[in-house]
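The listed protein sequences derive, respectively, from chains A and B. Per this note's numbering, residue 1 is the first one in the first sequence, and the count goes up by one each step. Per this note's numbering, residue 1 is the first one in the second sequence, and the count goes up by one each step.
Accuracy of the hints is not assured; some may be wrong.
[Said to hold, decoys possible] For lysine-lysine, the following DSS-like pairs were computed, each having C-alpha atoms within a straight-line distance of at most 25 angstroms: (1) B:Lys-100 - A:Lys-3; (2) A:Lys-18 - A:Lys-71; (3) A:Lys-55 - A:Lys-18; (4) A:Lys-53 - B:Lys-49; (5) A:Lys-70 - B:Lys-22; (6) B:Lys-22 - B:Lys-69; (7) B:Lys-69 - B:Lys-112; (8) B:Lys-69 - B:Lys-49; (9) B:Lys-22 - A:Lys-71; (10) B:Lys-58 - B:Lys-22; (11) B:Lys-58 - A:Lys-3; (12) A:Lys-70 - A:Lys-55; (13) A:Lys-57 - A:Lys-18; (14) B:Lys-58 - A:Lys-55; (15) A:Lys-3 - B:Lys-22; (16) B:Lys-100 - B:Lys-69; (17) A:Lys-57 - B:Lys-58.
[Unchecked claim] Listed below are several chain A residues computed to face chain B (Cβ distance under 8 angstroms; list not exhaustive): (18) Gly-40; (19) Pro-61; (20) Gly-109; (21) Val-114.
[As the list claims (entries may be wrong)] Chain A is nowhere near these chain B residues, computed Cβ spacing over 10 angstroms in every case: (22) Gln-6; (23) Pro-7; (24) Val-11; (25) Asn-41; (26) Gly-43; (27) Leu-44; (28) Lys-69; (29) Asn-99.
Simulated from the structure, these hints should not be mistaken for lab results. Positions of the beta carbon are idealized from the N, C-alpha and C atoms, including for glycine.
As a plain string of letters, each chain reads:
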Amino acid sequence: DVKVTQSSRYLVKRTGEKVFLECVQDMDHENMFWYRQDPGLGLRLIYFSYDVKMKEKGDIPEGYSVSREKKERFSLILESASTNQTSMYLCASQNTMGGRSYGYTFGSGTRLTVV
Amino acid sequence: AQSVAQPEDQVNVAEGNPLTVKCTYSVSGNPYLFWYVQYPNRGLQFLLKYITGDNLVKGSYGFEAEFNKSQTSFHLKKPSALVSDSALYFCAVRRVYGNKLVFGAGTILRVKS
């Protein structure tokens, strides 16, 4: 089974801190995604990456950046954390081998609280 | 642009009764459709998908979903609900030629014994 591992389950950070959320997948998937999940809003796409050093903005990229230096690792960076970034963050990866791609495999999520 | 609507915030059903969680979608062209389930403080787990072929799709844990192109719906069903089915359910859509999934807001399913 594909494993997508998010390094922290729970994080508490202070306003203004720089925050790194790490995600690692072990199946050589090309595509990786970062979503945030908020009650009543479902999952909203922050950024995604379809190759090393490649990234594209999702629907809500403001206040975030990403890094993908290696294929297996996709990092989400909050440059200066704010309380409105308190949320559940979900990482996902997607296999696109053979020119086809279907659903995602998700990590367990990181619940970030900014105080 | 793609979008998904899950019109019910919460669905309540008695154990042993059939359940339905509704989903309608909007996408240009043909869709790929998905259902995911989330248990408390966990990531999303894949339940089933519609790619092509038979409109009735069977998935994990006895769930199934029916693709209805004319109504642009993909409702999740199970003939006999279990208390352990209680969770948050997400419907998602993407275009055939695309990678990004768009999710609905989610529906809480509560199954009472």
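Output the numbers, in ascending order, of every earlier hint that fails for this structure. Structure breaks hints 4, 5, 7, 9, 14, 15, 17, 19, 21, 22, 25, 26, 27 and 29.
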